[in-house]
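S.K.: Chain residues, written in single-letter form:
There are 2 protein chains.
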Amino acid sequence: MRKILVVGLGLIGGSLAMALRGFEDFEVVGAVRSQATHDKAAARHAADWLTFYPADELPGADVVILCQDPAGIIGFLQEHRDRFKAGCLIWDVCGVKTAVMEAAQCLPAGVDFIGCHPMAGKEVSGIDNAEAGLFRNTHFIVTPGPHSTPEHLALLRRIAAHCRFGDVIETTPERHDQMIAYTSQLMHVIAVSVCADEGLFSCKGFEGGSFRDCTRVAALDPAMWTQLFSLNAPALCQVVEALEGRLRQCREAIEAGDREGLRSMLAYASERKKQIDLERVRGDDVRPSFGNS
Amino acid sequence: MRKILVVGLGLIGGSLAMALRGFEDFEVVGAVRSQATHDKAAARHAADWLTFYPADELPGADVVILCQDPAGIIGFLQEHRDRFKAGCLIWDVCGVKTAVMEAAQCLPAGVDFIGCHPMAGKEVSGIDNAEAGLFRNTHFIVTPGPHSTPEHLALLRRIAAHCRFGDVIETTPERHDQMIAYTSQLMHVIAVSVCADEGLFSCKGFEGGSFRDCTRVAALDPAMWTQLFSLNAPALCQVVEALEGRLRQCREAIEAGDREGLRSMLAYASERKKQIDLERVRGDDVRPSFGNS
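Chains as they are written, first to last, in my numbering: chain F, 1 to 293; chain E, 294 to 586.
Warning: the hint list may mix true and false statements.
[Said to hold, decoys possible] When the alpha-carbon atoms are kept at most 20 Å apart in a straight line, the in silico DMTMM-like pairs for lysine to aspartate or glutamate are as follows: (1) F:Lys274 - E:Glu444; (2) F:Lys40 - F:Glu131; (3) F:Lys3 - F:Asp48; (4) F:Lys274 - E:Asp490.
Since the hints were made in silico from the structure, they are not lab data.
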């Protein structure tokens with residue numbers, strides 16, 4: 001029997017441990033730090049068994065999944081670099097990839113680190129909110145290292161299929177970070193910036209679906225997102241600044257009473273949105289084939 | 294038998310006509326402009342009967358619901374000001390209230406115009422997407438005129454209950470427009486500004502729930518939203534400019550590597566979001582009482 005060690009049973013780690021149940025001949029071991037998480041994970045049968053001592057499991061672990069925040073992942077790699085089993089596969093789940101791939105260079109040859117980012121989440125955190133179905137039909141982004149083996153990539157694809165991800169996207173850490181600055185980090189910057197408005201509490205009763213949707217992710221973990229933003233500063237600042245410019249452009253057209261200019265901006269964006277929605281539908285159709293990009 | 298005339302069977306008008314089925318002793322008449330909408334509305338039994346000539350129905354209509362865009366509503370009031378039945382109630386559903394309330398001043402005494410705004414919608418439009426359940430648990434905002442009668446306000450509340458709105462919010466047109474600039478129009482400005490980014494199409498495969506949620510409303514009707522934005526320009530420009538400032542502040546903290554400043558911004562907004570979510574849950578609890586604000 002082979003062994004998967006999941007380090008950190010928060011929302012993502014807990015959900016992964018649950019989703020991995022029954023995967024091939026692997027047993028799933030969950031590493032926790034607090035008694036509270038241990039007890040909740042035990043009550044929910046989140047893993048085959050639980051430990052407070054991940055270091056003891058490393059020599060026997062064929063797959064290690066690091067589900068901490070970026071600093072936790074980087075620290076774990078540095079602290080335990082010589083304890084991993086030869087030929088094992090390590091992967092992480094955090095939202096930046098260049099920084100963790102660089103940290104993984106401390107690992108000895110024969111230990112394969114592949115950066116991963118499940119594009120799944122919730123506005124609430126912790127094992128309480130974990131669920132096996134969290135990854136269903138979401139993207140699983142994978143950034144292999146220079147020496148990653150085809151066997152490990154194939155194993156990751158089987159894991160993704162078992163966890164019911166919608167597809168596997170293989171890319172470079174740099175491209176991941178550039179794309180994620182726009183698709184994910186910018187959405188979080190927007191949500192917190194909207195919720196920082198002094199009018200937030202007085203607007204109760206006037207909110208509709210668009211407000212709930214846009215601000216959903218504002219209740220984020222400040223410490224973790226400070227890390228994520230800081231570790232991707234250049235790419236993120238670029239997309240935030242570009243957004244500021246487009247907002248200003250839209251505002252200036254409204255201020256100037258330039259209805260034709262405003263209408264053509266709205267028509268341009270609306271058309272693009274309709275197009276990308278169509279593409280997503282087509283993407284759904286081909287999901288079972290697990291394509292690359 | 295009394296008569297409700299719904300003018301315009303798009304997403305909102307069509308859904309209202311359907312939701313009003315069986316309301317007290319009213320028959321529901323739907324006024325359409327195109328043969329295509331007529332045929333779809335007939336096939337879906339959207340109203341008790343349909344007409345291409347709303348003017349002919351006005352002398353017998355006890356309630357008239359104007360479901361066009363702002364220009365359509367304002368034009369309809371001006372064109373038909375002398376055809377409404379004495380003592381009737383007219384209300385509209387568009388997203389700005391000051392401009393339509395001003396236009397309604399052309400109506401003769403005894404014809405009661407109440408501005409309304411159902412905080413419901415979809416990212417798709419038209420009778421094809423209409424449904425009786427669209428208003429369930431959403432806010433119904435009401436801006437009475439200076440001479441609106443208690444009887445008409447009570448009638449509107451019974452209509453709101455029948456259509457299963459979550460609550461009725463009574464306010465002034467000016468406050469409505471100020472609040473809506475932030476909770477709704479700003480969300481649409483954000484969505485189109487995000488979708489205007491040159492990186493939109495290349496980000497396929499990297500999007501998660503936050504991106505889908507934030508950009509959902511970008512596929513808007515450019516002509517209608519140009520009207521809505523233009524008719525609420527000062528309030529909207531104010532909130533857009535404030536957002537630009539908060540985005541810049543956040544970006545500057547990231548650029549400067551000011552992790553403590555960034556963390557405290559994120560913590561502030563995150564805490565506010567958690568608080569307002571709690572308030573929404575409490576709001577849900579008291580829904581059946583149909584409170585005011």
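S.K.: Between Lys3 of chain F and Asp48 of chain F, is the straight-line Cα distance small enough, at 20 Å or below?
M.R.: At roughly 10 Å apart (the allowed maximum being 20 Å), Asp48 of chain F and Lys3 of chain F satisfy the hint.
S.K.: Please verify whether Lys40 of chain F and Glu131 of chain F have alpha carbons no more than 20 Å apart.
M.R.: holds (13 Å)
S.K.: Given the hint that Lys274 of chain F pairs with Glu444 of chain E, test it: the Cα-Cα distance must not exceed 20 Å.
M.R.: Violated, at roughly 44 Å.
S.K.: Does the alpha-carbon distance linking Lys274 of chain F and Asp490 of chain E stay inside the 20 Å limit?
M.R.: holds (14 Å)
Checked against the numbered hints given earlier, this structure breaks only hint 1.
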